[in-house]
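K.L.:
Residues per chain, in single letters:
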Amino acid sequence: MAELRHRGLKDTDPTVQQQPSEDKGSDNELKAEKDGVSDSESKVDSGVPEVPVPADDTPEVLNKALSGLSSRWKNWWVRGILTLAMISFFFFIIYLGPMVLMMIVLCVQIKCFQEIITIGYSVYHSYDLPWFRTLSWYFLLCVNYFFYGETVTDYFFTLVQREEPLRILSKYHRFISFALYLTGFCMFVLSLVKKHYRLQFYMFGWTHVTLLIVVTQSHLIIHNLFEGMIWFIVPISCVICNDIMAYMFGFFFGRTPLIKLSPKKTWEGFIGGFFATIVFGIMLSYVMAGCRYFVCPVEFNNDSNSFQVDCEPSELFQLQDYALPSMLESVTGWTTVSLYPFQIHSIALSSFASIVGPFGGFFASGFKRAFKIKDFANTIPGHGGIMDRFDCQYLMATFVNVYIASFIRGPNPTKVIQQLLALRPDQQLYIFNSLKAHLTEKGLLPALEEAAAA
Amino acid sequence: MTELRKRGGGGADPDSADNISDKEADGDDRLGLAGDAEGECDGDSKADTPDYPLSTADTDNTPECLNKALEGLPPRWKNYWIRGVLSLAMISGFFLIIYMGPIALILVVMSVQIKCFQEIITIGYRVYHSYDLPWFRTLSWYFLICVNYFFYGETVADYFGALVQREEPLQFLARYHRFISFALYLAGFCMFVLSLVKKHYRLQFYMFAWTHVTLLIVVTQSHLVIQNLFEGMIWFIVPISIVICNDIMAYLFGFFFGRTPLIKLSPKKTWEGFIGGFFATVVFGFILAYLLSQFQYFVCPVGFNSESNSFTVECEPSDIFVMQEYTLPTVLQNTLRWKTVNLYPFAIHSIFLSSFGSLIGPFGGFFASGFKRAFKIKDFANTIPGHGGIMDRFDCQYLMATFTHVYIASFVRGPNPSKVLQQLLLLQPEQQLGIFHTLQSHLRDKGMLPPAAVQAE
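These protein sequence lines map, in sequence, to chains A and B. Take the first sequence: its letters are residues 0 to 453, numbered as in numbering that gives the first Met the number 0. Take the second sequence: its letters are residues 0 to 456, numbered as in numbering that gives the first Met the number 0.
Nothing false has been slipped in among the hints.
Below are the DSS-like pairs computed for lysine-lysine, each with C-alpha atoms no more than 27 Å apart in a straight line: (1) A:LYS73 - A:LYS371; (2) A:LYS373 - A:LYS110; (3) B:LYS445 - A:LYS435; (4) B:LYS197 - A:LYS259; (5) B:LYS197 - A:LYS371.
Derived from the structure by calculation, the hints contain no laboratory data.
Generate the whole structure from the sequences, applying the supplied hints.
P.N.:
The structure is reproduced here in structure tokens:
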């Protein structure tokens, strides 16, 4: 209780200082200026010295190169260089392949989790709670084990069936995961210490909400990745593009503020970013839909024990002719246009990234305002923490996954076979007969039956 | 911020007065009451301290008739009688709804879930003095509806496959179910973001998180309870009865023999109660399993009959509900002089369920105790006279439902055939053909299908 009271008292003073600085800065000099990349806006207010600047861990080399410029330009250069560095890194890992991508996603997830949990510790001054650090990481491990076990079993089915210990782990997977989670739960209950009940429950709740947000999203990203790398690359690129485009449009044309929560975002930036992202999405899909490397589902080849991306591209990735509506016909003089169906889908993805994606950013802004932090962490110079960069992505990954499940593909055939073979024989017979009736109705069977009989 | 400060300040002084549970827990209980009440899963603090004002029971909603009938007795006996009467009432209610069938059970589970959610959210409002936050009450209930819609849609689509295929709007809803649920959730999320008000950011985030953790706990458990129910009512009745029995038996054993305290968190629980309850529950579970396994009404998976538009519980009982002979190990053979014994395999499973209910189930109770200590409340609410809120009675159940579900999925049944068929029908035709041939050769190997020649006619 005492800690909470101290925290409350301490906060009233910086509150008085911080809020006017943000408001003043935003109202006066920056409204006409930047739209701001998703949530680092408060850092760029370099004209406000009262706010404690976090430890500057810009690499020395950059510092030297930019020593001549004024601090505002220096900030921009740092951010610009780091942005380019991150984008190049993104291309590089795409080149390295699915396995590396999965590892990167896992690392990003762990870093995001750590950033958010650290904020929780600093909010509640609960760094010294008994067991709590161990328990948080333990829960992270359990939930990851559960999710990765579910995915791995699906995609690496044959490999798993071959190795005996893996087979047992996969057969009783849910039970084992549940037992592990329960152990953590019981440890939590046993670790409750009299004076710290409330804090411990808060941290327990904080850990679970963080897990819910961070781990499920990263898991959905991996699912999308397995559908085909294009389902991983295009959504992430759309969000990045929207960030950058909205920033640019806001910088050049921005005038009307969008939302009180992020005062540097403007309607001009929002709408300009929307159109620019759609165009970008269409162009990117066109470029990528032509390569098998991006379009094929990632599969595990049992013989070579490696991932392969080789297949016959599905209909979605084959050029089709669309007749233009007469309005566009008269304007452009074309009667039909060749498009990949995937490009039409990319319009939906881009729209989501531009319209709803920013709400993830607003959520993170509100979170930072609520807990009076400038950035989630200091990992990336000029940009803040990993979480700062990934906050808009988080809704996007879920949307893509739901979109794929609803509009693109049905269930995974390997998984269905697996489930079929696990049923009892009489149930299998029942399903066999139903399937036979269904296929005969569709006209797919009789031809084959004759061929088989002959 | 000011609210938090005041709470902190307010919380420090009335600590001694409000924190009745802590005080009585440490001081008096150890001395005078250790041999006394082992206590049911968290109503313990109410039963035995007539001297201390019961903070949440300011409004005594014991019905008038009971009050009159028990006028003459001292307050402590009165409390025991009220608890006893209400316990019997709840158990009879349980039997009644079992008799009324699966639909009634589903509705009751849903009502209990809504009430538990409301109780926990109300505690959150009180803790944070956030009852007046803009939109928040609406948003919490909206999220509850969304998550319930998502879960029930997933279940209903599975079990009512034929019904859903028939009706056009239902078919549309089932096909795009995930998308619709996600869109609904997103609408709530965006409303939350738009409702953030400058002075109340932190409170709003706390309530958002509180709502989500509550949903995670309450809604997923109730949903698993319903899934267990569809496996067969016995998978619903036996686990719940085991937990209730463990409560009562541990209380009785503690009452008569209790001496060594079990855990600081619930000082009225004793090791004697814990161990005695364990053995008694295993025996009880065994007997109950034996009794219920004989009836198709309890044992058969709940199916929906599309023609009569009602639930049917009729089937050929599966292997685990068919009596089998087990040879006793020689040790028991010598003592009992029986070579074999006839048991239902389900009775063996019930031993595992009972063990879980007695050993790990109480941790759910300790968790709720800790929660109430942390937020300085005596009971979750005042719904049931003598017992507290609905959540007080159901806190031990919550781990049990998940365990039963995971147990069934891992050790008892395979996947659900209607669900597999559904997925099959959603595949591309070439994939369906591929699976058809694989299945055909598999069944032929097993001898369930006649060999290739005479198929087409």
